[in-house]
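**Student:** Okay, here's what each chain looks like letter by letter:
Protein chains: 2
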Amino acid sequence: MKILIGLDIGGTNTELAWVDLFGNILKKINYKTVQFSKAEQLVSVVGKAILEGNKNFISDEIIGLGIGAPNGNYYKGTIEFAPNLGWEGIIPLSQMFEDRIQLTTKLTNDANAAAYAEMLYGGAKKMSNFLVVTLGTGLGSGIVVNKQMLYGSTGFAGELGHTIVENNGRLCGCGRKGCLETYASATGIIKTIHQFLESSKQESSLRAIEKIESKDIYIAAQNGDECALKAIQYTGNILGKQLADYVALYSPEAIFIAGGLANAHSLLIPATKNAMEENMLKIFKNTVELFPSELLDQNAGLLGAAAMMMKRNN
Amino acid sequence: MKILIGLDIGGTNTELAWVDLFGNILKKINYKTVQFSKAEQLVSVVGKAILEGNKNFISDEIIGLGIGAPNGNYYKGTIEFAPNLGWEGIIPLSQMFEDRIQLTTKLTNDANAAAYAEMLYGGAKKMSNFLVVTLGTGLGSGIVVNKQMLYGSTGFAGELGHTIVENNGRLCGCGRKGCLETYASATGIIKTIHQFLESSKQESSLRAIEKIESKDIYIAAQNGDECALKAIQYTGNILGKQLADYVALYSPEAIFIAGGLANAHSLLIPATKNAMEENMLKIFKNTVELFPSELLDQNAGLLGAAAMMMKRNN
Numbered sequence: 001m002k003i004l005i006g007l008d009i010g011g012t013n014t015e016l017a018w019v020d021l022f023g024n025i026l027k028k029i030n031y032k033t034v035q036f037s038k039a040e041q042l043v044s045v046v047g048k049a050i051l052e053g054n055k056n057f058i059s060d061e062i063i064g065l066g067i068g069a070p071n072g073n074y075y076k077g078t079i080e081f082a083p084n085l086g087w088e089g090i091i092p093l094s095q096m097f098e099d100r101i102q103l104t105t106k107l108t109n110d111a112n113a114a115a116y117a118e119m120l121y122g123g124a125k126k127m128s129n130f131l132v133v134t135l136g137t138g139l140g141s142g143i144v145v146n147k148q149m150l151y152g153s154t155g156f157a158g159e160l161g162h163t164i165v166e167n168n169g170r171l172c173g174c175g176r177k178g179c180l181e182t183y184a185s186a187t188g189i190i191k192t193i194h195q196f197l198e199s200s201k202q203e204s205s206l207r208a209i210e211k212i213e214s215k216d217i218y219i220a221a222q223n224g225d226e227c228a229l230k231a232i233q234y235t236g237n238i239l240g241k242q243l244a245d246y247v248a249l250y251s252p253e254a255i256f257i258a259g260g261l262a263n264a265h266s267l268l269i270p271a272t273k274n275a276m277e278e279n280m281l282k283i284f285k286n287t288v289e290l291f292p293s294e295l296l297d298q299n300a301g302l303l304g305a306a307a308m309m310m311k312r313n314n
Numbered sequence: 001m002k003i004l005i006g007l008d009i010g011g012t013n014t015e016l017a018w019v020d021l022f023g024n025i026l027k028k029i030n031y032k033t034v035q036f037s038k039a040e041q042l043v044s045v046v047g048k049a050i051l052e053g054n055k056n057f058i059s060d061e062i063i064g065l066g067i068g069a070p071n072g073n074y075y076k077g078t079i080e081f082a083p084n085l086g087w088e089g090i091i092p093l094s095q096m097f098e099d100r101i102q103l104t105t106k107l108t109n110d111a112n113a114a115a116y117a118e119m120l121y122g123g124a125k126k127m128s129n130f131l132v133v134t135l136g137t138g139l140g141s142g143i144v145v146n147k148q149m150l151y152g153s154t155g156f157a158g159e160l161g162h163t164i165v166e167n168n169g170r171l172c173g174c175g176r177k178g179c180l181e182t183y184a185s186a187t188g189i190i191k192t193i194h195q196f197l198e199s200s201k202q203e204s205s206l207r208a209i210e211k212i213e214s215k216d217i218y219i220a221a222q223n224g225d226e227c228a229l230k231a232i233q234y235t236g237n238i239l240g241k242q243l244a245d246y247v248a249l250y251s252p253e254a255i256f257i258a259g260g261l262a263n264a265h266s267l268l269i270p271a272t273k274n275a276m277e278e279n280m281l282k283i284f285k286n287t288v289e290l291f292p293s294e295l296l297d298q299n300a301g302l303l304g305a306a307a308m309m310m311k312r313n314n
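So the sequences go chain by chain: A and B. The numbers in my numbering rise by one with no breaks, and the one at position 190 of the first sequence is 190. The numbers in my numbering rise by one with no breaks, and the one at position 32 of the second sequence is 32.
Just so you know, the hints here were simulated from the structure itself, not pulled from any lab data. Beta carbons: idealized from backbone N, C-alpha and C, even for Gly. Please note: incorrect hints may appear among the correct ones.
As the list claims (entries may be wrong) - Dumping the calculated SDA-like pairs for lysine to any residue here, alpha-carbon to alpha-carbon at most 20 Å:
1) B:K76 x B:G64
2) A:K125 x B:F291
3) B:K125 x B:T287
4) A:K191 x A:G173
5) A:K282 x B:G175
6) B:K177 x A:E277
7) A:K211 x A:E198
8) B:K125 x B:F291
9) B:K285 x A:C174
10) A:K285 x B:N286
11) A:K177 x B:G175
12) A:K76 x B:N286
13) A:K177 x B:K126
14) A:K282 x B:F81
15) A:K126 x B:Y75
16) A:K282 x B:G173
17) A:K241 x A:A186
18) B:K126 x A:T154
19) A:K125 x A:N24
20) B:K126 x A:E198
21) A:K32 x A:N299
22) B:K273 x B:E294
23) B:K147 x A:S128
24) A:K38 x A:G11
Stated by the list, open to error - Calculated from the model, a selection of chain B residues having no Cβ within reach of chain A, i.e. all distances over 10 Å:
25) I25
26) V145
27) E159
28) E166
29) D245
30) K273
31) V288
Take the sequences, apply the hints, and build the full model.
**Tutor:** Spelled out as structure tokens, the structure:
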């Protein structure tokens with residue numbers, strides 16, 4: 001039995017797991033990321049755990065270690081300027097792990113990991129061309145073309161969240177204006193609901209909440225709150241319209257919506273699909289499926305980091 | 001010596017050529033497309049010419065026939081609803097030629113052919129990820145990812161010309177509004193100059209021309225005509241801004257500008273490059289070269305149709 005090791009480094013939690021080719025997690029260890037104030041500490045603690053854990057498996061069946069991390073660069077195996085992790089500069093994390101554990105190690109960013117997960121364990125198993133959009137604090141995307149992850153010439157390709165949907169629109173964290181992620185993300189929909197609440201006097205259960213989170217909006221919408229429903233519709237409209245442009249470029253078989261905000265999929269996906277079809281170039285109409293990720297309630301980042309070790313990338 | 005046969009079917013001219021692997025045209029025949037009122041006639045006349053012409057070459061060195069044509073579908077080998085050719089319905093042109101000449105035949109659209117040409121004979125010989133934008137009557141694009149032409153799930157991927165640059169902008173021939181090609185194309189720049197001339201009283205040599213063509217604008221600009229210069233700047237601004245979004249998705253090494261309007265490259269490319277860099281996400285700044293096609297004055301469509309026979313696509 002082949003074994004993959006996955007390591008998912010997040011702003012809050014870091015998870016390590018041994019996974020089989022069917023996506024079963026055979027052994028898992030959880031860490032708080034904050035305990036690793038330097039990358040060296042993480043490599044030391046997690047590296048030791050890997051060497052210990054490997055004793056449970058026949059070593060020549062362990063294919064390698066896949067790491068998913070914010071600002072991860074696949075080509076260089078580095079984490080570059082990741083403010084969420086509190087680590088400075090450019091860190092050659094793959095190399096550090098290879099030196100420590102003597103196993104092939106690859107690294108990619110969170111959204112690409114989600115796409116690897118969908119490809120090996122989720123709804124994209126038989127697909128050659130698809131997109132995974134992760135709606136979290138921001139909007140990430142993993143693009144698969146001809147069964148290969150798209151990294152482009154820099155290793156940073158796939159920044160759908162930073163394509164412009166509105167000239168001179170909302171200010172984005174990247175310093176530019178009108179990026180898709182300022183509308184279609186947890187942060188974006190919270191901004192939208194505040195705009196709606198401030199610009200109207202419509203009753204809403206959300207007015208009673210001091211600090212509205214995206215899941216409050218989803219819960220209110222499920223209970224029929226008009227403002228919340230309108231915010232989801234608005235988000236889906238903008239996302240769907242931009243996905244129509246995406247389709248004109250890539251013509252994928254399917255688009256998967258993942259990440260925290262995707263839990264609102266029963267409302268968000270129909271709104272997005274309608275806007276996408278309405279804005280689509282004729283030759284692409286009804287050629288693209290829009291699905292919630294099949295791994296929504298699972299460890300997609302962790303599974304994807306592991307899955308990367310099974311995939312040809314270039 | 002390996003020989004490729006290329007057939008470039010255009011709205012006005014159709015060209016047939018035998019080409020070597022260095023892009024030398026060994027023999028060429030020209031037709032007026034209008035003489036082929038049906039596809040069957042074209043297959044009959046051109047097919048006969050191919051069988052005759054092949055006698056000049058050792059037959060087992062002839063690799064096959066590549067066809068470039070508007071509305072060509074690579075997967076199906078069909079031309080679908082091509083109003084420019086006056087042929088109706090879906091025509092299985094590849095199959096018709098294979099039956100006639102007993103040689104492997106592939107078919108693609110004009111913009112993809114231009115990208116094959118750049119890849120085999122032009123500036124993209126050593127590149128894995130690049131884009132060719134053809135600025136003609138419309139805006140076509142050929143996208144190469146990991147050395148493969150991007151066709152997507154339908155065979156129609158790469159419609160950069162039909163991504164939206166201005167919500168509710170200019171009406172496009174596709175029925176939607178604000179498509180890039182309504183601004184960045186020969187048709188687009190002519191619309192732009194008319195807007196400029198009508199909305200101002202600025203002197204311009206173009207006012208004396210009854211029916212302004214894109215090359216008139218370029219010539220006027222070279223002679224220092226302010227209106228013409230402004231129109232090229234405006235076109236470059238919009239094209240460059242959209243290319244910045246394209247880069248965020250694909251991260252190519254280079255973008256090549258081809259087609260008739262590209263002859264204005266000494267003015268158009270700097271304007272486009274400035275706008276692209278200015279609007280680019282930080283991690284991509286200064287990672288992408290912008291070049292005029294290396295095959296500008298050559299038979300890029302014809303060479304590209306031939307070149308397609310040398311390239312792996314999926």
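**Student:** If you draw a straight line from the CA of A:K38 to the CA of A:G11, is it 20 Å or shorter?
**Tutor:** It holds: about 13 Å lies between the C-alpha atoms, which stays within 20 Å.
**Student:** Against chain A, does B:I25 keep a CB gap of more than 10 Å to every residue?
**Tutor:** The assertion about B:I25 holds, with a minimum of 31 Å to chain A.
**Student:** Please verify that the nearest CB of chain A lies beyond 10 Å from B:E166's CB.
**Tutor:** 7 Å, violated
**Student:** Measuring Cβ to Cβ, find out whether B:V145 lies farther than 10 Å from everything in chain A.
**Tutor:** 5 Å, violated
**Student:** Straight-line Cα separation of B:K177 and A:E277 no greater than 20 Å?
**Tutor:** Given pair B:K177, A:E277 holds - Cα atoms ~15 Å apart, limit 20 Å.
**Student:** Holds or violated: A:K125 with B:F291, Cα cutoff 20 Å?
**Tutor:** This hinted pair is violated, its Cα atoms lying about 38 Å apart.
**Student:** Mind checking the alpha carbons of B:K125 and B:F291 for me, to see if they're no more than 20 Å apart?
**Tutor:** Distance ~14 Å between B:K125 and B:F291 Cα, so the pair holds.
**Student:** Is B:K273 within 20 Å of B:E294, Cα to Cα?
**Tutor:** Status holds; Cα separation ~17 Å.
**Student:** Given the proposed pairing of A:K126 with B:Y75, does the C-alpha separation stay at or below 20 Å?
**Tutor:** Given pair A:K126, B:Y75 holds - Cα atoms ~18 Å apart, limit 20 Å.
**Student:** Per the stated criterion, does the least C-beta distance between B:K273 and chain A lie above 10 Å, as a non-interface residue requires?
**Tutor:** 17 Å, holds
**Student:** Measure nothing beyond the straight line between the CA atoms of A:K191 and A:G173; if it is 20 Å or shorter, mark the hint as holding.
**Tutor:** Holds, because 13 Å separates the two Cα atoms, which is no more than 20 Å.
**Student:** Hey, A:K282 versus B:F81, does the alpha-carbon distance stay inside 20 Å?
**Tutor:** 13 Å, holds
Against the hints set out earlier in the document, violations occur for numbers 2, 10, 11, 13, 20, 26, 27, 28, 29 and 31.
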